[in-house]
Amino acid sequence: MSNYKMNVLICGGTGCKAAESANIQARFKNILEEKSLEDEVQVIMTGCFGFCEQGPIVKILPDNTFYVRVTPSDIEEIVMEHFIKGRPVERLLYKDPKTKESVPATKGMDFYKKQLRIALRNCGFINPERIEEYIARDGYLALATCLTEKTPAEVIGEIKESGLRGRGGGGFPTGLKWELTAKSVSDKKYVVCNADEGDPGAFMDRSILEGDPHSVIEAMAICGYCIGADEGVVYIRAEYPLAIERLKIAIKQARESGLLGKNIFGTEFNFDIELRYGAGAFVCGEETALIHSMEGLRGEPTFKPPFPSQEGYMKKPTNVNNVETFANVPVIINKGASWFNKIGTEKSKGTKVFALAGKINNVGLIEVPMGTTLREVIYEIGGGIKDGKEFKSVQTGGPSGGCLTKKFLDTPIDYDNLIAAGSMMGSGGMIVMDEDDCMVSIAKFYLEFTLEESCGKCSPCRIGNKRLHEILDKITQGKGKEEDIERLQELSHVIKDTSLCGLGQSSPNPVLSTILNFRDEYLAHVKDGKCPAGQCKAMLKYTINEENCTGCTLCFRNCPVGAITGERRAPHFIDQALCIKCGVCYEKCKFDAVKLA
Amino acid sequence: MLILIQLVLNPLTNDQLTNDKNLKIMPKIKLSENTIQIIKDACKQFDNKESELINVLHAVQGKLGYLPAEVQEIIASELNMSVAKIYGVVTFYSFFTMIPQGEFPISICMGTACYVRGAEQVLAELKRRLKIEVGQTTPDGKFSLSSLRCVGACGLAPVVMVGEKVYGRVSPQQIKEIIEEYQEEKAC
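So the sequence lines, in the order shown, correspond to chains E and G. Just so we're aligned, residue 0 is where the first sequence starts under numbering that gives the first Met the number 0, counting upward by one. Just so we're aligned, residue 0 is where the second sequence starts under numbering that gives the first Met the number 0, counting upward by one.
Because the hints were derived from the structure by calculation, they are not lab data. Keep in mind that a hint or two might mislead.
Anything over 12 angstroms on all C-beta distances counts as not near chain G; from chain E, calculated [what the hints assert, rightly or not]:
1. GLY12
2. THR266
3. GLY370
4. VAL431
Label pairs and their calculated CB-CB ranges [claimed, not checked]:
5. G:LYS164 to E:ALA104: 27 to 35 angstroms
6. E:LYS261 to G:ASP46: 21 to 29 angstroms
7. E:LYS112 to G:SER170: 32 to 40 angstroms
8. G:LYS164 to E:LYS526: 41 to 49 angstroms
9. G:ASP139 to E:LYS540: 31 to 39 angstroms
10. G:GLU163 to E:LYS346: 38 to 46 angstroms
11. E:SER458 to G:VAL82: 20 to 28 angstroms
12. E:ILE418 to G:ALA83: 56 to 64 angstroms
13. E:ARG374 to G:GLU176: 54 to 62 angstroms
14. G:LYS164 to E:LYS589: 32 to 40 angstroms
15. G:GLU49 to E:GLU39: 51 to 59 angstroms
16. E:ALA104 to G:GLU49: 53 to 61 angstroms
Every residue, glycine too, gets a C-beta built ideally from N, C-alpha and C.
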């Protein structure tokens, strides 16, 4: 980057790209050329900065100015004012929601203050399509150290000592997994990177692959060296076109630089990586299902043992790790296990990336040390609940996890505490819900997901989840009975106890945790026929109070389905047969005339 | 456009077709020589290996837009495996489809982040306006509707995609406008 006086880093993550960051890049290039500045200012598309709520994000180096919600029409002003006159464009700076003052750089923002970025260390800092930039930030140094100075057993020992656990959900100790695969005797072994991120609301693996693909390639090679494999496979979702493209570029560059291929760093070690595409099946996150899918079969799980470490892809010993797990490995080698294992809690070391979303002010991708409390994440980093509403619940662990209430806000987040609280870490989705969210509907939402994703192999999961969903649907329709709650619990336990794989074993978790933490809400549905959050539409009825209605026609004009009729300055009327209960009239009415029953 | 296949539809209505999308009643399709060659080439690209089935299916769907039974039959003979096995794989994965997509495929993200920010109401409005269910195509072949899991643009929730174009922070009221944008293109 040294030849340029200034660098423009534009977030090229999927979220910001969806919000026009490609047009912003093109606009910068045009205007810089117009002003003959193209040799002084370099424009780079980076990976995700994490602060998706404020996207598209543009960062200017060397002064670290952080522009938020930039549109293509702002670019000319940035070039003229900032680059030419040296004055940052005040209106595009991030405003602290409390003080209302502009915060020009990330280190002053609450969103970034409590974060510690290990897996995301390079996301938003480097151009992911240039291997030189990764190398400039100690890239491939760990691989060189391992190959030239350490034996495979020493590297495995280092990973074991670091306490790194699988970041994909299960939390299995990574070093132990490597050791087990290393011990299996075979002429051929495989390293597999699980990038089939299926948890709705979690996008950390994609962001790492988009923003720092080389870290995963380097770690896979290190793993290959440890277990004695010369072939790696990345199993990636076909729905991630940008991640696939950047990974392909990275693999090509690594090959050209001799960092993949034969005799890497002049040693006897050979290693190469190919890609396999997933085709949209959540169950393929499970190791055995993933391996079947890689072999071109239906992604159905099979019984363990044999574990993949003994018999996996093509019946050969296979080590499967998740993207985020791999991204931690080079740092552990470079900085040492004793550095890494000082971060975090007693049994969960290091950091965890969370995808913070839902009813929260700062939606985005964050990385915090294990042991950070939910309160710190939600209120300090996340900036609290949207529109000043009341916090109700936070859902962690995706469809396999559970909903935690206020009483868990001060629980330090780690693998074991979340399980003890009735949820789980999962891949790191964290969805915040407020007073308007109905917990019965949330449980039903997750069940819908599981129903669709159940592979159908085991009856408890295939049929049991269907029955669970039917009962929940009945409750949200206002037709539930009190004994349905017990039936839900009983059925949930049967499904958990008798399903083969993690999908079935954990699918009733959202139901059980919502019953445990929000029993009152279930009771309100079945006993009083009310949905306290006002979300279950079958229980809602919007009417217009004739006394309050002034006939301003605001509701009439906003109704998306034309269900409201009435003359100007005369009371209006809602046709219940047409009403879709969207609540727009209720929100728009300035005279409190729309009533919700 | 994408679809190079010459359809010889038997007298089934579109409703019958889409209601029974999983194949019980599929229209008879006659594949052109050109199409058959495309499928064969895709198989050959992966050395006609059975273990490459998913890659082959990705390649073929990428070219033809969908994977009807007749296409699966050709893949079966090329890879020397049973059609049943291929059908099993095609129907297992949500990415593969056996019905043609609309000219403008509309997808709505039903990830949790979008759900809690009102994706359900947006979906209801889409269904109401297009008069189709998820997984169906409008009779004029213009729009198809699908729901997808997280696209990872949670900051923009709820998200609707038309083709590659992403619409963020969508409200049910905006749906009319979005659909009209594409209907007008037809008029031009």
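Task: List of violated hint numbers, smallest to largest - done: 1, 4, 12, 13
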